[in-house]
Amino acid sequence: MIEFRNVSKVYPTGTHALNKASLTIEKGEFVFIVGSSGAGKSTFLKLIMREEVPTSGSIIVNGMQLDKMKRRHVPMLRRTMGIVFQDFRLIDKMTVYDNVAFAMRAIGARPRAIKKRVPYILELVGLEGKGDRYPSELSGGEQQRVGLARALVNNPQMIIADEPTGNIDPEMSYEIIELLSEINKRGTTILIVTHELDLVQSFNRRVITIEKGVVVSDTVDIQS
Amino acid sequence: MKFSGLGYLIKEGIKSIWTNRMMSIASIGVLISCLLLTGAAELLTINVSSALESIGGTNVTRVFLEQHITDLEAVHIGDELARIPNVEKTVFISKDDAIKDYQDTLREDIFEQLTGEGNPMPNAIDVTMTDLAYYDDTIAAVLATEGVESARDTREIAQKLTMLNDLVGTMSLWIMAALVLISIFIISNTIRMTMYSRRFEISIMKSVGATDTFVRIPFVIEGMVIGLISGVIASGLLAVLYNVVLNTMKDIVALSFVPYSQVGLWASLAFVVAGVAIGALGSVVSIGRYLRKEGNELLGW
Ligand SMILES: Nc1ncnc2c1ncn2[C@@H]1O[C@H](COP(=O)(O)OP(=O)(O)OP(=O)(O)O)[C@@H](O)[C@H]1O
Ligand SMILES: [Mg+2]
Chain A
2 MIEFRNVSKV
12 YPTGTHALNK
22 ASLTIEKGEF
32 VFIVGSSGAG
42 KSTFLKLIMR
52 EEVPTSGSII
62 VNGMQLDKMK
72 RRHVPMLRRT
82 MGIVFQDFRL
92 IDKMTVYDNV
102 AFAMRAIGAR
112 PRAIKKRVPY
122 ILELVGLEGK
132 GDRYPSELSG
142 GEQQRVGLAR
152 ALVNNPQMII
162 ADEPTGNIDP
172 EMSYEIIELL
182 SEINKRGTTI
192 LIVTHELDLV
202 QSFNRRVITI
212 EKGVVVSDTV
222 DIQS
Chain B
3 MKFSGLGYLI
13 KEGIKSIWTN
23 RMMSIASIGV
33 LISCLLLTGA
43 AELLTINVSS
53 ALESIGGTNV
63 TRVFLEQHIT
73 DLEAVHIGDE
83 LARIPNVEKT
93 VFISKDDAIK
103 DYQDTLREDI
113 FEQLTGEGNP
123 MPNAIDVTMT
133 DLAYYDDTIA
143 AVLATEGVES
153 ARDTREIAQK
163 LTMLNDLVGT
173 MSLWIMAALV
183 LISIFIISNT
193 IRMTMYSRRF
203 EISIMKSVGA
213 TDTFVRIPFV
223 IEGMVIGLIS
233 GVIASGLLAV
243 LYNVVLNTMK
253 DIVALSFVPY
263 SQVGLWASLA
273 FVVAGVAIGA
283 LGSVVSIGRY
293 LRKEGNELLG
303 W
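Chains A and B are the protein sequences, given in the same order. Heads up, the first sequence is in our numbering, so the first residue is 2 and it goes up one at a time. Heads up, the second sequence is in our numbering, so the first residue is 3 and it goes up one at a time.
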């Protein structure tokens with residue numbers, strides 16, 4: 002669950018990236034976040050993962066109050082979410098398997114748990130049999146699947162993706178969102194920032210529009 | 003705190019030393035030099051003190067007897083002096099022994115003339131005092147004794163030697179402190195470089211919720227292993243160098259030095275412990291600032 006109440010973010014440069022934004026996203030929702038460049042979408046996500054702290058207002062994410070959170074509690078927050086990047090951020094010199102296992106090793110998972118979990122997740126994202134490949138040997142769509150597998154491997158409550166399809170061709174993009182849809186069916190909250198309105202339309206989900214740091218529209222999908 | 007990934011972290015730390023081997027070798031080299039210099043400073047201090055003790059004891063005063071005193075009479079006077087309060091012991095120095103001290107500094111023919119009948123040296127007695135604070139009273143009693151001609155005032159020499167000893171001690175302390183700081187600086191620099199080269203991995207670790215401790219461990223291990231390697235190599239070098247220097251010094255000055263067997267084990271232990279501690283400290287120093295950064299800031303994008 003995400004709750005923003007009158008959240009403002011002013012960067013040290015003086016830019017007002019968010020202006021008293023308020024919104025609630027329930028557990029298990031699937032949300033697109035759209036808006037023009039510089040609107041404050043990435044800032045919104047960075048506040049959720051506490052890469053940035055709000056200038057004012059209150060933020061609650063997965064039961065934790067972020068505006069008062071101590072730095073040493075941040076890892077606990079991050080373990081409740083999986084982050085997917087536009088540029089994939091895979092480690093080139095590691096295989097697909099190790100890239101995914103890395104996320105588990107980083108939080109001290111046992112080797113036996115890693116051996117069991119990684120193949121399962123690779124299969125889930127459609128990468129079975131590609132564990133030994135290196136990122137450079139994969140297509141863009143496949144690389145993002147690795148990114149997604151890494152975000153999922155620690156079994157997070159939500160997935161946060163900032164333009165996950167920004168570097169992939171349209172067909173592959175559709176498949177990635179489809180995959181996120183499947184994951185959402187298992188109860189994982191999904192937040193996707195995107196510029197691709199065609200994609201948003203074909204999925205018919207909740208769409209939050211941010212402009213100049215303000216939530217200007219929030220259409221809740223009637224179907225789901 | 004969970005340590006189930008400790009094996010992995012240790013492996014990562016050691017791997018990193020190899021990956022950044024040029025920097026690792028450089029810092030091991032610097033660390034070895036620092037340890038050896040620090041050790042040299044400390045060992046010099048130890049040897050200076052020991053040499054001073056052997057020179058003479060700063061509380062030994064040579065008392066000269068009148069020219070006509072025979073060896074037998076001199077021994078009696080020695081017994082008499084030993085009975086004076088504050089005199090710990092007396093040692094008889096015959097004129098033949100006394101002239102031998104000059105054997106090396108005099109030309110052979112001159113030395114020949116001065117031995118035996120031609121010996122101009124008087125018989126003497128080395129008086130060791132218990133407490134130099136009573137030097138004046140004691141020396142007065144000594145001079146009042148029948149047959150005693152004069153006493154060499156060693157207080158000035160004693161003071162100078164003590165000052166020298168203190169000076170060497172203080173200087174080596176400062177040198178050590180400076181070298182330890184330099185070592186920590188070098189290690190922290192090396193670790194900072196390897197952190198920089200691994201900033202991408204660090205940013206991913208943080209994004210999936212790795213704790214600061216977890217991010218830190220491989221780097222601390224790396225620093226400690228670098229320190230350990232340096233300590234062990236420095237100990238080996240010390241064993242060789244110490245004996246070489248000692249043998250050379252022995253030919254130059256006739257002083258008693260502390261043998262390696264007496265200091266070797268302690269010095270080696272100190273090297274290893276100091277190396278590991280400096281390595282750990284150096285890496286902890288460099289990591290703190292880095293860990294506060296997040297995402298793109300960490301990546302410098
Ligand atoms: N670290 C920062 N320091 C200063 N200003 C920043 C920083 N990050 C973002 N901004 C500014 O804040 C505003 C909102 O940025 P943000 O990245 O949230 O926009 P966005 O909606 O994600 O845009 P885009 O679609 O181009 O990614 C912009 O004007 C941007 O220049
Ligand atoms: Mg953005």
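If you are wondering where the hints come from, they were derived from the structure by calculation, not from laboratory data. On a predicted model such as this, the values are computed, not experimentally measured, just so you know. All C-beta atoms, glycine included, are put in the ideal place defined by N, C-alpha and C. Each hint should be verified, as a subset may be incorrect.
Claimed, not checked - Some chain A residues near chain B, calculated using beta-carbon distances under 7 Å:
#1 L24
#2 K28
#3 G29
#4 E52
#5 P76
#6 A104
When the hints from earlier in the document are held up against this structure, which numbers fail? 1, 2 and 3
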